[in-house]
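Trainee: Make the full structure from the sequences, and use the hints.
There are 4 protein chains.
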Amino acid sequence: MTIGFKMEPVTANPTSSTVNDREVRETICEICRNLYTLGWVSGTGGGVSIRRGETIFMAPSGVEKEKISPSDIFELDIKGNITRGPKNETLKLTECAPLFMSAYELRDAGAVIHSHSPNVVLATMYAKRIEPGLSVLEITELEMLKGLAGHGYHDVFELPVVDNTARERDLTDSLRRAIEKYPRTCAVAVRNHGIYVWGKNEVQAKTQAECVDFLCEILVKMRQNKVTKEMHPMGI
Amino acid sequence: MTIGFKMEPVTANPTSSTVNDREVRETICEICRNLYTLGWVSGTGGGVSIRRGETIFMAPSGVEKEKISPSDIFELDIKGNITRGPKNETLKLTECAPLFMSAYELRDAGAVIHSHSPNVVLATMYAKRIEPGLSVLEITELEMLKGLAGHGYHDVFELPVVDNTARERDLTDSLRRAIEKYPRTCAVAVRNHGIYVWGKNEVQAKTQAECVDFLCEILVKMRQNKVTKEMHPMGI
Amino acid sequence: MTIGFKMEPVTANPTSSTVNDREVRETICEICRNLYTLGWVSGTGGGVSIRRGETIFMAPSGVEKEKISPSDIFELDIKGNITRGPKNETLKLTECAPLFMSAYELRDAGAVIHSHSPNVVLATMYAKRIEPGLSVLEITELEMLKGLAGHGYHDVFELPVVDNTARERDLTDSLRRAIEKYPRTCAVAVRNHGIYVWGKNEVQAKTQAECVDFLCEILVKMRQNKVTKEMHPMGI
Amino acid sequence: MTIGFKMEPVTANPTSSTVNDREVRETICEICRNLYTLGWVSGTGGGVSIRRGETIFMAPSGVEKEKISPSDIFELDIKGNITRGPKNETLKLTECAPLFMSAYELRDAGAVIHSHSPNVVLATMYAKRIEPGLSVLEITELEMLKGLAGHGYHDVFELPVVDNTARERDLTDSLRRAIEKYPRTCAVAVRNHGIYVWGKNEVQAKTQAECVDFLCEILVKMRQNKVTKEMHPMGI
Chain X
15 MTIGFKMEPV TANPTSSTVN DREVRETICE ICRNLYTLGW VSGTGGGVSI
65 RRGETIFMAP SGVEKEKISP SDIFELDIKG NITRGPKNET LKLTECAPLF
115 MSAYELRDAG AVIHSHSPNV VLATMYAKRI EPGLSVLEIT ELEMLKGLAG
165 HGYHDVFELP VVDNTARERD LTDSLRRAIE KYPRTCAVAV RNHGIYVWGK
215 NEVQAKTQAE CVDFLCEILV KMRQNKVTKE MHPMGI
Chain P
15 MTIGFKMEPV TANPTSSTVN DREVRETICE ICRNLYTLGW VSGTGGGVSI
65 RRGETIFMAP SGVEKEKISP SDIFELDIKG NITRGPKNET LKLTECAPLF
115 MSAYELRDAG AVIHSHSPNV VLATMYAKRI EPGLSVLEIT ELEMLKGLAG
165 HGYHDVFELP VVDNTARERD LTDSLRRAIE KYPRTCAVAV RNHGIYVWGK
215 NEVQAKTQAE CVDFLCEILV KMRQNKVTKE MHPMGI
Chain C
15 MTIGFKMEPV TANPTSSTVN DREVRETICE ICRNLYTLGW VSGTGGGVSI
65 RRGETIFMAP SGVEKEKISP SDIFELDIKG NITRGPKNET LKLTECAPLF
115 MSAYELRDAG AVIHSHSPNV VLATMYAKRI EPGLSVLEIT ELEMLKGLAG
165 HGYHDVFELP VVDNTARERD LTDSLRRAIE KYPRTCAVAV RNHGIYVWGK
215 NEVQAKTQAE CVDFLCEILV KMRQNKVTKE MHPMGI
Chain A
15 MTIGFKMEPV TANPTSSTVN DREVRETICE ICRNLYTLGW VSGTGGGVSI
65 RRGETIFMAP SGVEKEKISP SDIFELDIKG NITRGPKNET LKLTECAPLF
115 MSAYELRDAG AVIHSHSPNV VLATMYAKRI EPGLSVLEIT ELEMLKGLAG
165 HGYHDVFELP VVDNTARERD LTDSLRRAIE KYPRTCAVAV RNHGIYVWGK
215 NEVQAKTQAE CVDFLCEILV KMRQNKVTKE MHPMGI
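Going line by line, the protein sequences match chains X, P, C and A. Heads up, the first sequence is in my numbering, so the first residue is 15 and it goes up one at a time. Heads up, the second sequence is in my numbering, so the first residue is 15 and it goes up one at a time. Heads up, the third sequence is in my numbering, so the first residue is 15 and it goes up one at a time. Heads up, the fourth sequence is in my numbering, so the first residue is 15 and it goes up one at a time.
To be clear, the hints were calculated from the coordinates, so they are not data collected in a lab. We put the beta carbon where it would ideally sit given N, CA and C, even for glycine. A hint or two may mislead.
[What the hints assert, rightly or not] What follows is a set of in silico ranges between Cβ atoms, one per label pair, in the way DEER data are often shown:
id: 1; chain 1: P; residue 1: GLU194; chain 2: C; residue 2: ASP91; range: 47 to 55 angstroms
id: 2; chain 1: P; residue 1: GLY166; chain 2: C; residue 2: LYS240; range: 31 to 39 angstroms
id: 3; chain 1: P; residue 1: LYS243; chain 2: C; residue 2: ASP122; range: 37 to 45 angstroms
id: 4; chain 1: A; residue 1: ASP35; chain 2: C; residue 2: GLU44; range: 26 to 34 angstroms
id: 5; chain 1: P; residue 1: GLU155; chain 2: X; residue 2: LYS195; range: 50 to 58 angstroms
[What the hints assert, rightly or not] Keeping only pairs whose Cα atoms sit at most 27 angstroms apart, straight-line, the calculated DSS-like set for lysine-lysine is:
id: 6; chain 1: P; residue 1: LYS243; chain 2: P; residue 2: LYS142
id: 7; chain 1: P; residue 1: LYS235; chain 2: A; residue 2: LYS240
id: 8; chain 1: C; residue 1: LYS240; chain 2: P; residue 2: LYS243
[What the hints assert, rightly or not] A few chain C positions that, by computed beta-carbon distances, are all more than 10 angstroms from chain A:
id: 9; residue: GLU40
id: 10; residue: GLU78
id: 11; residue: PRO84
id: 12; residue: ILE92
id: 13; residue: THR104
id: 14; residue: LYS106
id: 15; residue: LEU148
id: 16; residue: SER149
id: 17; residue: GLU152
id: 18; residue: GLU172
id: 19; residue: ALA180
id: 20; residue: GLU194
Mentor: Now the structure itself:
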């Protein structure tokens, strides 16, 4: 349990000497177990990263996320170089690393969650093409929008959706462009793949990830149920 | 576990000297964890409040509901004034407070649950407009109706649905009008948002919330499956 | 954990002196918690009963099923008379009692589970009318049929569905007629309400309940997805 | 917890003297509990088998999979003969045994999972007939494909689907033919029944099973939602 921590969210940039490594590593494991229960990281998919000052912590790649332990976590510096690897030397850094780094660099994020939720994957299929490689989902008039920083009930949340690529690292450029083009978003989805959601700290990253997932679930079920414009502004 | 308590529901108004604060606070935390597992309070949404005599206990706002601890709970008097805040002074009272208070005042409730269940959010889209700002869902011939005080299988449960507002506290007037207009209801839903369900105590609030959620799930799936009038009186 | 017991299923009629009360009572509580997690007994709905020789154990009525304790269980004799009530005298015997007794009497059952599963409730809406008050669901060519005693993959499982009534006890006659009319069934569903599933012991009652629920889920989703006759013999 | 083991996957053929029986048996029980929570082995369905060198471990048949204990596991030699039975002599070897053996023999698998997931059962109904007794599902452009050995995002995963039979052992021939006809697959589905998924060890078997299940869930929901070819290459 990390209640004390959560209730007094860390400032984004404590000096690294105050960083409590163990707590951060355990928090990543706890979040991974929670995401597995939610069905967002099945089959080794997804990932979690947390920043403390100049140090970035990342879950390893290609392993069962619900079973990682604190000693399996990578540490990187703010440039994205590995400064400390896991005890188990067979573990590999995730290909998502440059994507996580983009949120840290461009948005001063404190944590990033990468989910493979079925709700999100299905929602991306409904995204409207804006330009080559980029689409958008527009979501409005749902209370859960209030859970996203800077958004109210009547606002339109524009969730950018970038096209997927054969290699995850090849998403970096389009994800960065989407982050820059949509300055109010806390998330970028990837078509037929999943989503990256960030926040000023791991609590906000997790709760915003839950809100975005809820919104995607409602969007998909509205389409499934053929909800009309009379029933909801997002109807057909 | 609070088995002993649950099996002998409190009378609505014990003198405040008999109130066991700790037990009430732990019960709120337990219910919040249960609601999180059910998917009703994701993304910091939703809330729980319990009354003991003249003292009202409320979960804090804007935090992960599955992780609150007994010392995070607010205490209010029957007028809605905070009489004791949480240890962690950064916590804020929920904007739902006046809505919870309405159920205590107008219905002599012993507990109120506020859920953001996807079943309820989708169901509200099917509600029939009655007057500006107010709609209604009519639910009948489902066994789970018997779980709602004063309702039988053949009765029509009228669930009022009020329009959502930009600020949660601005719902107060329409929620109070709905409570007064529908004297038999134990719940008021909010369009595209969620629901408030109350009961004479926390056990009844929780079990009625489960019944209403079940009814909303069935209603939505009946629409999704295009269930006809020959198959069920609520069919299309 | 009751592993030892499950692996060596009790004979249906041990002399009552060999009955281990405590174990039976704990098994009922364990099954109730499991059913709550499955979403089959929300809102105080549903119930569980186990027979040991001439003694019948039943969960109480109108309480949160996931929280009952061993001392909350009723004991009845084979005629259905209460021989031992729960410690907590405010608890009431379930209105399902005569329905549970029918399975004991007419089928020599060792245990009965009453579920309010949404899958079953929706499936009952698709049942074909046979005569006033009685309908039937025909399910075939699904592997899970093998989990029902006396059924193979190519068999047609005929699940009788009786009309619901205002009072649960008023279901007794139609349920008994359905049991007699469908001698191969291990379950009778109740329209818009739920299902009664029995077995020679509690393990078979639970596993058959899971199989029937799975079959109902598939049936409903096949309708929802408009599965055709070319895709499956149960298609439309 | 078997973290240490998972992070250093066993080579496929250790000499049998290095086999730690207890750990393998506990891993099978742990996987079974996990599969029950996922809804893949309800009603005694499904199964799990792990190989260590020349020794093959299998969960017993016809029992609640979530409750088996290490002493309930069968041991077989590489020819499929039982070399050590469970303590409880009433337990029976699963009829799936020859199917599990086929994956060991033809693919040098280290573990096999048999699931009765509703997602898979529904997906098999959409499989395209190739020849008598054999169909195929083609799945492409979904990130979760990367979780299957030898598959990338743009590849087409061909999942063979064999017709179901009255007796499980009668599936052996068609399953072997499917394995040989589709050399790149890590799974064979059985129409209206479920799926067999294998991997070089139990971690890969489980994670590939999760990926295949996810892909089947998306396929079914795409059909349900009438996703078009403009929205996704697998659309209609």
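Trainee: Each hint needs a verdict: does it hold in this structure or not?
Mentor: Against the structure, the hints come out as follows:
1. One distance hint, 47 to 55 angstroms for the beta-carbon pair P:GLU194 and C:ASP91, holds here, with the actual separation near 51 angstroms.
2. For the hinted restraint 31 to 39 angstroms between P:GLY166 and C:LYS240, the CB-CB distance of approximately 35 angstroms keeps it satisfied.
3. Taking 37 to 45 angstroms as the suggested C-beta distance range, the pair P:LYS243 and C:ASP122 conforms, at roughly 41 angstroms.
4. Checked against the hint of 26 to 34 angstroms, the pair A:ASP35 and C:GLU44 passes, with Cβ atoms roughly 29 angstroms apart.
5. A beta carbon spacing of about 51 angstroms between P:GLU155 and X:LYS195 agrees with the range 50 to 58 angstroms that was offered as a hint.
6. At most 27 angstroms may separate the alpha-carbon atoms for a hinted pair to count; P:LYS243 and P:LYS142 meet this at roughly 18 angstroms.
7. Pair hint P:LYS235 plus A:LYS240 holds up; C-alpha atoms about 17 angstroms apart against a cutoff of 27 angstroms.
8. Of the supplied pair hints, the one linking C:LYS240 and P:LYS243 holds, its CA atoms being roughly 19 angstroms apart against a limit of 27 angstroms.
9. Distance check on C:GLU40: its Cβ is at least 14 angstroms (rounded) from any Cβ of chain A, clearing the 10 angstroms threshold; non-interface status holds.
10. The claim that C:GLU78 is not at the interface with chain A holds, since no C-beta of that chain comes within 10 angstroms of its own (minimum 21 angstroms).
11. Separation of C:PRO84 from chain A is adequate, the least Cβ-Cβ distance of about 19 angstroms exceeding the 10 angstroms criterion.
12. A cut-off of 10 angstroms between C-beta atoms confirms that C:ILE92 is not in contact with chain A; the least separation is 28 angstroms.
13. Every CB of chain A lies more than 10 angstroms from the CB of C:THR104, the least distance being 34 angstroms, so the non-interface label holds.
14. With a least beta-carbon separation of about 31 angstroms from chain A, C:LYS106 lies farther than 10 angstroms from that chain, consistent with its non-interface assignment.
15. Against chain A, the non-interface label of C:LEU148 holds: every CB pair exceeds 10 angstroms, the least being about 26 angstroms.
16. Residue-level check passed: C:SER149 sits 24 angstroms from the nearest beta carbon of chain A, beyond 10 angstroms.
17. Listed as a non-interface residue, C:GLU152 keeps its Cβ farther than 10 angstroms from every Cβ of chain A; the least gap is roughly 15 angstroms.
18. Under the 10 angstroms C-beta cut-off, the non-interface status given to C:GLU172 relative to chain A holds; the minimum distance is some 18 angstroms.
19. Interface exclusion of C:ALA180 from chain A stands, the closest Cβ pair being 33 angstroms apart, more than 10 angstroms.
20. The non-interface label for C:GLU194 is consistent with chain A: the shortest C-beta to C-beta separation is roughly 26 angstroms, beyond 10 angstroms.
Hint violations for this structure: none, all hints satisfied.
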